[in-house]
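Novice: As a plain string of letters, each chain reads:
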Amino acid sequence: MDVILGLLYVVILFSLVAVQVLILVFMERKVSAWIQSRIGPNRVGPWGLLQTTADIIKLITKENIRNIQSDKVIFFLAPILAFVAPFAGFVTIPVAENLGIQDLNMGAVYVFALGSSMVFSVIWAGYGSNNRYALIGAMRSAAQMISYEIPLVTSVLGVFLIAGTLSMREIVALQESGTWYVIYQPLGFILFLVAATAEANRAPFDLPEAESELVAGFHTEYSGMKFAFFFLAEYTEMLVACSLMTVLFLGGWLIPFVDNSQIPWWIHIFVFIFKVYSMIFLMMWFRWTFPRLRVDHLMQFGWKVLLPFALVNLVVTGAVALWLKS
Amino acid sequence: MLQQEYLYVLIFILGGSAMVLVAMLASWALRPSKPSKAKLTPYECGELPAQADSYFQFNIRYYLFALLFVVFDVEVVFFIPLVKVFNSIPVVAFIEITFFTVVLAFGLVYAWKKGALEWE
Chain A
1 MDVILGLLYV VILFSLVAVQ VLILVFMERK VSAWIQSRIG PNRVGPWGLL
51 QTTADIIKLI TKENIRNIQS DKVIFFLAPI LAFVAPFAGF VTIPVAENLG
101 IQDLNMGAVY VFALGSSMVF SVIWAGYGSN NRYALIGAMR SAAQMISYEI
151 PLVTSVLGVF LIAGTLSMRE IVALQESGTW YVIYQPLGFI LFLVAATAEA
201 NRAPFDLPEA ESELVAGFHT EYSGMKFAFF FLAEYTEMLV ACSLMTVLFL
251 GGWLIPFVDN SQIPWWIHIF VFIFKVYSMI FLMMWFRWTF PRLRVDHLMQ
301 FGWKVLLPFA LVNLVVTGAV ALWLKS
Chain W
1 MLQQEYLYVL IFILGGSAMV LVAMLASWAL RPSKPSKAKL TPYECGELPA
51 QADSYFQFNI RYYLFALLFV VFDVEVVFFI PLVKVFNSIP VVAFIEITFF
101 TVVLAFGLVY AWKKGALEWE
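Protein chains in written order, with my numbering: chain A, 1 to 326; chain W, 1 to 120.
The shape of chain A in the complex, shown without the other chains:
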C-alpha cells in the first residue's frame, strides 16, 4: 500500500517539478530581460508563456548524439543521477503544517547528503563524454562543489544547534513559538545563500559551465533529452536549495506576527511558495548582476572567507546558547 502511495507521490511530484521548472525558466528569461532592459520571450503564446513548452518539445524530438569515444554506461547514468539526487530531496521538505511527503528525523542531513552526491553525476558526465572541455569542466565543478559543501553544511549547524533537532518539520514548528532563525543567524543565512548558489552551479559561480571559455563545461557532449535532464536538474536543485533556506531560516510556511493555527492550510502553501520564489528571484538577480569569478578566486573565496566565517559563527552560536542556558 505504501509503495503504491509512494509511486503516486513520485508521479505527482515529478509533474509538479516539471511545471515549476517550466515556470522558472520562463521567469529567468523574463527577469534577465527586465534587468537588461529587453523584452524577453514574447512570441510563443500570450506574453511568450508557451516559450519553454516549445523548448521542451524541441528537446524531446531532438536527435540524441553520443560521440564514438564516450563511455556508454557512465554517459547514460550521469543525467539520471543529476536529476534524481535533487528530486529525492523533496521527500522531506514540509510545505505546510501537515503537508509534506515524509518527515525524516535526519531530514536536513539527508538533503545535504543527496546534494553532495550531485558531484558524482558531474564527474561521470565529464569522464563519460571523453571530451577535453567536458573533462576540464567536470574537474573544476567537482573541486568547486566539494569546496563549497563544507561552508554550506557548517553554516546551518548553528540553526540545528539552536533548534536541537534535525527534522525539518520540527525546525519550522520551533520557529512558530519563537523568531525566524534568520534573526538569530544572519551570518549563517548569508553564508548559506552564497554557498548554496555555488553548490547549484549558479552564476556568479557557474565556472563548470562557463560558456565563454569551456563551451558548456561538463555537458558539452550532451544533446536532446539527456541535456534536458541536466537543465532540469539545475533548476530542481535551485528549488530544493531555496526550499531549504525557507524552512531553516525563513520560518517555512509561517506568517509573522499572526496566530498561525487560525490560518487555513492552503494559505500556508501560498506563503511557502512565495518565500521560495522570492529566494529564487534573489538568485536570478545575482546571476544578472555579478560577473563570473575566476577559478582561483572562487576556490580562495570558499576556503579563506566562507569557511573561517562559518566556523566562527558556529563557535559563537554555541557559546551564546550555552551562556543563555546557564
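Bear in mind the hints are in silico, worked out from the structure with no lab data behind them.
Heads up, some of the hints might be wrong.
As the list claims (entries may be wrong) - With a Cα cut of at most 25 Å, we get these calculated SDA-like pairs of lysine to any residue: (1) A:K58 - A:F112; (2) A:K304 - W:L68; (3) A:K58 - A:F231; (4) W:K34 - A:Q69; (5) A:K72 - W:L68; (6) A:K62 - W:M24.
Since the structure of chain A is provided, determine the placement of chain W on it from the hints.
Specialist: Just chain W, lined up with the frame of chain A:
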C-alpha cells in the same frame, strides 16, 4: 519504524530514475537518428580532436583540495550529532568541542600558510 520512514526515500530514488527513463523512452520514440562520422566525433571547436583520448594528467591542486575536503567533511560529521544534543551537554563538552574546532582551524591556517589554498 525507521524502515517505514525511509521507504519513501527508496521509492523516490527508484521512481525518479524510472520517470527519467520514461521521458528518455518517449524521446527515443519521437526523435530522428541520422548518425554520420563527423557528427560522432567529440566536440572540439570545429576541429578534429588532437588525440584519441582526453584522459590526460590533472593538476595536483585538485588532489590537495580533495584532501582538505575529506578532513573538513569528517569534522562536519562529528558536529552533526553534537548540535543535536547540544542543549543537554555539560560545559566541559562545549570546551572540548571548541578545542577540537580550534585544532581544525589550525589545520586550515597551516594549509593556508603552506600555500595549499593557492591556485596559480
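Novice: Give a verdict on every hint.
Specialist: Taking the hints in turn, this is what the structure says about them:
In summary, the hint linking A:K58 to A:F112 is not supported, as the alpha carbons are separated by about 33 Å, beyond the 25 Å threshold. Restraint check for A:K304 and W:L68: the C-alpha separation of about 13 Å stays at or below 25 Å, so the hint holds. The suggested pairing of A:K58 with A:F231 holds, with an alpha-carbon distance near 14 Å, which does not exceed 25 Å. Among the hinted pairs, W:K34 with A:Q69 is consistent with the structure: their alpha-carbon atoms are about 18 Å apart, no more than 25 Å.
At most 25 Å may separate the alpha-carbon atoms for a hinted pair to count; A:K72 and W:L68 exceed this at roughly 32 Å. The hinted pair formed by A:K62 and W:M24 meets the criterion: a straight-line CA distance of about 11 Å does not exceed 25 Å.
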